[in-house]
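Please model the entire structure based on the sequences and the hints provided.
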Amino acid sequence: MSARVGVVTFPGSLDDRDAARAVYLAGGEPVALWHDDAQIHGVDAVFLPGGFSYGDALRCGAIARFSQVMDTVKAAAAQGMPVLGVCNGFQVLCESHLLPGALVRNAHLRYRNRPARLRVETTRTAWTNAFAPEAEIVLPAKHGEGRYVADEAVLDRLEGDGRVVFRYLDNPNGSMRDIAGVANEAGNVVGLMPHPEHAVEALTGPSTDGLGIVASVLAHLSEGASR
Amino acid sequence: MTSYVPVDTVGVASATPDEKQPWAELGLKDDEYQRIREILGRRPTQSELAMYSIMWSEHCSYKSSKVHLRQFGQKNPRTPRLLAGIGENAGVVAIDENIAVTFKVESHNHPSYVEPKQGAATGVGGIIRDIIAMGARPIAVMDSLRFGAIDHPDTARVLPGVVDGIGHYGNCVGLPNIGGETYFDPCYQGNPLVNALSVGVMPRSRLQSMQASGTGNVVILLGAKTGRDGIGGVSVLASATFSESGEDDARPSVQVGDPFTEKLLIEVCLELFDAQLVVGVQDLGGAGLTCALSETAAAGDGGMHVDLELVPLRAKGMEPHDILASESQERMLLIVDPAKAEEVLARAHRWGLLATAIGTVTDTGRLVVDFHGQTVVDVPPKSLADEGPVYNRPLAEPNDLGLIAVDRAETLPRPATDEEIRQTVLDMAASPNLCDKSWITEQYDSSVFGNTVLGTPHDAGVVRLDERTGVGIAISLDGNGRFARLDPYHGAQLALAEAYRNVAVTGATPIAVSDCLNFGSPEDPHVMWQFERAVTGIADGCQKLGIPVTGGNVSFYNQTGREAIHPTPVIGVLGVIEDVARRIPLGLGRTGDTIALIGT
Amino acid sequence: MARVVVDVMLKSEILDPQGEAVLGALPRLGVTDVSSVRIGKRVEIEFDENARNVEEQSRVIADQLLANPVIESFAISIEGA
Amino acid sequence: MARVVVDVMLKSEILDPQGEAVLGALPRLGVTDVSSVRIGKRVEIEFDENARNVEEQSRVIADQLLANPVIESFAISIEGA
Ligand SMILES: Nc1ncnc2c1ncn2[C@@H]1O[C@H](COP(=O)(O)OP(=O)(O)O)[C@@H](O)[C@H]1O
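Protein chains in written order, with my numbering: chain Z, 213 to 439; chain E, 76 to 675; chain R, 803 to 883; chain V, 803 to 883.
Please keep in mind that the hints were generated in silico from the structure rather than gathered at the bench.
The hints are all genuine.
Straight-line Cα separation of at most 20 Å, DMTMM-like style, residue types lysine to aspartate or glutamate; simulated pairs:
#1 R:Lys-813 with V:Asp-809
#2 V:Lys-813 with Z:Glu-357
#3 E:Lys-415 with E:Glu-346
#4 V:Lys-813 with R:Asp-809
#5 E:Lys-300 with V:Glu-848
#6 E:Lys-391 with R:Glu-874
#7 R:Lys-813 with V:Glu-846
#8 E:Lys-391 with V:Glu-846
#9 V:Lys-843 with R:Asp-865
#10 E:Lys-391 with V:Glu-848
#11 V:Lys-843 with Z:Glu-357
#12 V:Lys-843 with R:Asp-809
#13 R:Lys-843 with V:Glu-848
#14 R:Lys-843 with V:Asp-865
#15 R:Lys-843 with V:Glu-881
#16 E:Lys-150 with E:Glu-607
#17 R:Lys-843 with V:Glu-822
#18 R:Lys-813 with R:Glu-874
#19 V:Lys-843 with R:Glu-874
Listed below in structure tokens is the structure:
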């Protein structure tokens, strides 16, 4: 049986269908989750998609953090359930304190849409184990508020613990230390700004590298199941 | 305590026939005002006057363009693909047995000059709601832009604002921007053009109607609260009591777009359509409730009764004519079976969207609007929506046409040496109209939805409609004001041909046209001549190409003082491609491929 | 050193989508008796020690750069001198 | 009715590119003696007439929603009572 990956829809989520497509194309079973429903319906992993939840009022992700489903996601994450946040989803994870740091206005002050080259810095997370070490991948990056910031001490700890998961090869937004994605201590919760779900078909994306991210979690889950 | 200023009711209007009314300030002509009095058999109330002035404006009534636009209907080739045509919110064409597509291009020129960001943003929002009103899910947007000289200081205000507005709205509502155009010419300095196109897809069975039919059906207002947005036009009706209060609130104000609410509108409307909970639907555009109420009532077979005090308001002290004229964005009007009204409200609530029953469909044949129990409007709805004035304005060929035609390409100096040719190529590559536009296009999301097969920098945008069959569409949006200035008939046809070719080179078959006609003042016979020529050119061209014009938009009064812009018809052509995997991208292919030049 | 604060707010009749979204979220925090939220900008400007015409200059900055007069209004307060 | 203003500013160690951009644009307005510009948010909250614990509630709103403690700090001022 294929693993069930929940995709949360917040008011203003845009990439929920696309995330579901990515899950499906990678061989998983997408399950729609609703922001106002505390139930996560027996999913094995959760994908928080991109978009403009609540219109990005105040700060991106600031309001979505208070949704019913996030309480459950937080609890499940603490138990080791894999959780991925992409773009707005990453912002929600930071606002929810599931990941350290924050995402602020791009240094050049504009929304910019450009394919980003990234290096996979660690394969020891639930969402990157299927990549070759130091693999270079291309995913669309498109955001106005994607500059990753944190205290120097936090950054040092992230580096030291191998929790910087993706690094930009051409930093598009001024992120500190070129960070594009980070993980929590256990490696089950990962956030990244560029969009794996928009790089799953050669026809529509700049690459199909995004499939590797979903493939990783499916591998991680089946490993867990067989253990 | 509910306090409101005393209003001008139908009773008051009948009792005070000689009351002076600011009809001229509202843009009505003497004979138009007299006709309103004849229709009503009394003087109009303030609210009625506001409604007639709005519905009979050039913008809503097409009073100067109507006689010419008829050509489209007359010359359009018959095609079984056309499911809804001119007169609907947007044209609808069949793609295959199951799927239909609707698309339309519309202008938001003047608001974008006053407040570039919000003007452009609300232009995108408005065209998206037209698409929703047909029953479709919007799936992409495009934008055609004209600015003044690139080095003029005001261009530095207008251009970044417009791009920010289009980008912010489109990105936030979640629609890929799949192409457009950007040109600079001093004639647009005081009057930039912002034309936005949206396209949507639907199962053919989901096509919606704007009819308010079925006596007893409930009229529901969905979406944002109503504020003082864009009521500038009717501010002359502000009662003395109110203006005396000296609040700056009384000032007419700019509409601000809220793409987040628009996104919710899309999701709620589609859910309601799919559940078959809606009898009729109309978007609230520039003319707000006035237009939506009168058009839905006129399209139906009966009448409508509305209790205006039920409309949720954002500002204090709004009078009935303010509420009727407000251009607050992100609102839709729904006609719903009373047995299903509860469910409609509940579904809107689930998405966090406001929905309020404000009236009912009646069999009186009248549109009646009450405000706190007092009747402020009682009119035949067709007199507002369908029976506005129609003008056959004088036409005259511009005097300078011969003069500018003398200045021919053949007489220009030509580069002769290698160095001169090199320099010419460099100059052209660096010229604002040919240079790379990625500063603009990078501010737009192009891949949300995961169906964009071709976007910028390709000649046309190509979007997949169905993942199983691979069927898709291609769209291009083109115009050339300089050609049209020289010869509006052929200039318009060149724009049509360019868009047609751009669609064809992707591998798609062109099937339909939407147009946005940007011109100066229709009261100027020279402009009117340009307009007539351009419309005839498009109608003839479409006839020859065998594709129908399915809808569009006319924008007059694009001028600074007495100086009109170049006549600028912007043409959108839509094509169908059976399998998007077989699209042909831009570029030179592989080493060894043969290069051929075809055509003349 | 003079510190000037310029508050830039949307004019009261202009829709503030951000404020509306935050207002809508307050019940989740258990706050139910708020009737309106408006969100604007607060700009803190530090002038050099011996800057002159601080008020006048601040007005120019606010008027021409910080606020969009079509939709926003501003207020200036000078904190030190 | 109580009106509460919450000012939210980026912490000083966080780069504020918007402020920098404004600072960089000042010379074009003829302003040359400004040393720093920081741009934050001003949030105006109106409580209902008979709202209680306005200060406490404002603190909750500011602390949990209006400011992100990782990057921002806030100040609350209550204008009416
Ligand atoms: N305002 C705009 N919005 C979206 N796309 C644009 C805009 N302006 C230009 N483009 C896109 O940029 C690309 C290059 O445009 P342009 O220089 O006009 O090329 P062409 O002359 O081939 O049409 C095209 O793909 C066009 O769709």
